[in-house]
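Student: These are the residues of each chain, in order.
There are 2 protein chains.
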Amino acid sequence: MSAISGGVGSARFCAGLVRNLDPRELTIVVNTGDDERIRGLLICPDIDTVLYHLSASTDWTRGWGLAAETFVADERYKELASRLGGDADLQAWFALGDRDLATHQLRARLLDTGRTLTETTAAIARALDVEATIIPMSDEPVRTVLTIATGEELDFQEYFVHRRQADEIIEVAYSGAIKASPAPGVVDAISTADAVFIPPSNPILSIAPPLAIAGIRDALATAQGVRVGVSPIVGGKALKGPADRVLASLGHDVSPAGVARVYEGLLDVFVIDEADATYAPEIEELGMHAFVCDTIMSGPEEAARVAKTILDHVVHH
Amino acid sequence: MSAISGGVGSARFCAGLVRNLDPRELTIVVNTGDDERIRGLLICPDIDTVLYHLSASTDWTRGWGLAAETFVADERYKELASRLGGDADLQAWFALGDRDLATHQLRARLLDTGRTLTETTAAIARALDVEATIIPMSDEPVRTVLTIATGEELDFQEYFVHRRQADEIIEVAYSGAIKASPAPGVVDAISTADAVFIPPSNPILSIAPPLAIAGIRDALATAQGVRVGVSPIVGGKALKGPADRVLASLGHDVSPAGVARVYEGLLDVFVIDEADATYAPEIEELGMHAFVCDTIMSGPEEAARVAKTILDHVVHH
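The listed protein sequences correspond, in order, to chains A and B.
Quick note: the first sequence uses our numbering, first residue 1, plus one each step.
Quick note: the second sequence uses our numbering, first residue 1001, plus one each step.
Just chain A, same shape as in the assembly (with noise of 0.2 Å):
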């Protein structure tokens, strides 16, 4: 099986997924186009949500890190940093904690002795103990960039961590996708899996980028396996993040049924939360299967139960 992942949401269900599988039969191919060189160091903060809950090692509340974190060197970092006048070019807003900042040490050594990000990826899942393949979905850079209300262009981190999502998005572009090559393996995992998820994170944030990548795209679309996508709207509402806000934003409908239109010709079926079973006929008619279902992961057992239900129901049925 394989999925195209964003952050959390992703991770979370992914994590509920090889609760109920051989993690090895498990491909995840993670969104790239929120990476960023943070304090010197590339960040890839999709890929690494997706490692840390794979490896129960993440902080599920929080959805980010480490649990059971210091922040030593970011508390030093950011008092440095103010004695310079917290000149916010030097990204004291960042958050990086110190046994996570292992982890991007670690791929950055390994990037400096010629590894590419689906090498160095490979290996921190390794020292982790991730079974599943965790691939980045190219080993070029893209770039998410966001048009924001005053025209200014921000990176992602600066939107989302810097100034919090509080500003208004009228146009989302994915650089360098059009020339990007799928990483190795993504292409193979998404075309011949029994089944390829796309499970409950921003689609215009999240997972766009990954199938602004052409090959990527066309994989999906050509498939051979069940199609199967999560809603991240449930009730009105982004389960995490911005995703109501910059659906809005952008003229969707902040609904299962807008989500779903994105993904028009790419799913065979799209599972919504029990809250918006109403939803459904909406659904059935851009060509998928909705199927209706508790989807709300808590914690690791709910994320556990919410993926068997859907192996159960949609994929194996």
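Read the hints as simulated data drawn from the structure, not as lab findings.
Do not take every clue at face value.
Computed footprint of chain A on chain B, listed as stretches where at least three residues anywhere in the stretch have a Cβ under 8 Å from a Cβ of chain A [to be verified]: (1) 1033-1042; (2) 1068-1074; (3) 1077-1085; (4) 1088-1094; (5) 1100-1109; (6) 1118-1127.
Owing to the predicted nature of the structure, the values given are computational and were not obtained by experimental measurement.
For every residue, glycine included, the Cβ atom is placed at its ideal position computed from N, Cα and C.
Add chain B to chain A, keeping to what the hints say.
Tutor: The following block gives chain B in isolation, referenced to the frame of chain A:
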């Protein structure tokens, strides 16, 4: 005044100097031949040793890093690296404290935003409340490369930290020195100072790299002020580090006179320890005045006293 500085010995002496004069009157030109990317971040060991000593935030006895340091990121990194088989290439043999990491990240960020190493170093000094001017010897990379008895070439940190200075060095090269320019301010600081110090650091591994840059050597050779070296060899041994073994294996005398000979034509005064008073005539023969005093800097007070003695008797006499 100015100093051409290596690591610990130089940093101790400069910390002593600023206890006896207005720190803003001192410019320290620091060796960058040992600089190396460690786990993705550029580490400038001698610059940091000087900065930490001058901000009184170092561990004086250990000689590197910050006092009251934690190693959460470091331990985690070593754990991850060991799960990948402990490949030496992953640099788990280096130690980076959590608070120290903030310095390296700040440096990386400042470099990423287009600052030179000179500008970056000035900013970090400001953040650490260091009032002396700290300048890298060059903004261009110069690397100290060591050829050992087996014929292998080692980077400095590989030799110094990983292999714990156990190898016999048969040749030392300062790669990049020929085409490197002195950093802005370096030549002026040396040419016009009323006194230029070469503090007690390894003459081959720490002081020779800056002097391998023609502009710096020429500035020292023609400096207006009194040029004062301090012997890093006391009683036939290096006070810190492998200077004694390096001198011996490269055919130099392991004595204050052996060190003075390395600086022939570049110094007016060479300061030797009371234990080595018998070397005074040999040093005078090299055309330098030999000044004998207690040079042992086992703590900040002792360093201040050594610096005061030299200032009183050699510079302001």
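Student: Could you check the structure against the hints above and give me the numbers of any it violates, in ascending order?
Tutor: Violated hints: none at all, because every hint is consistent with the structure.
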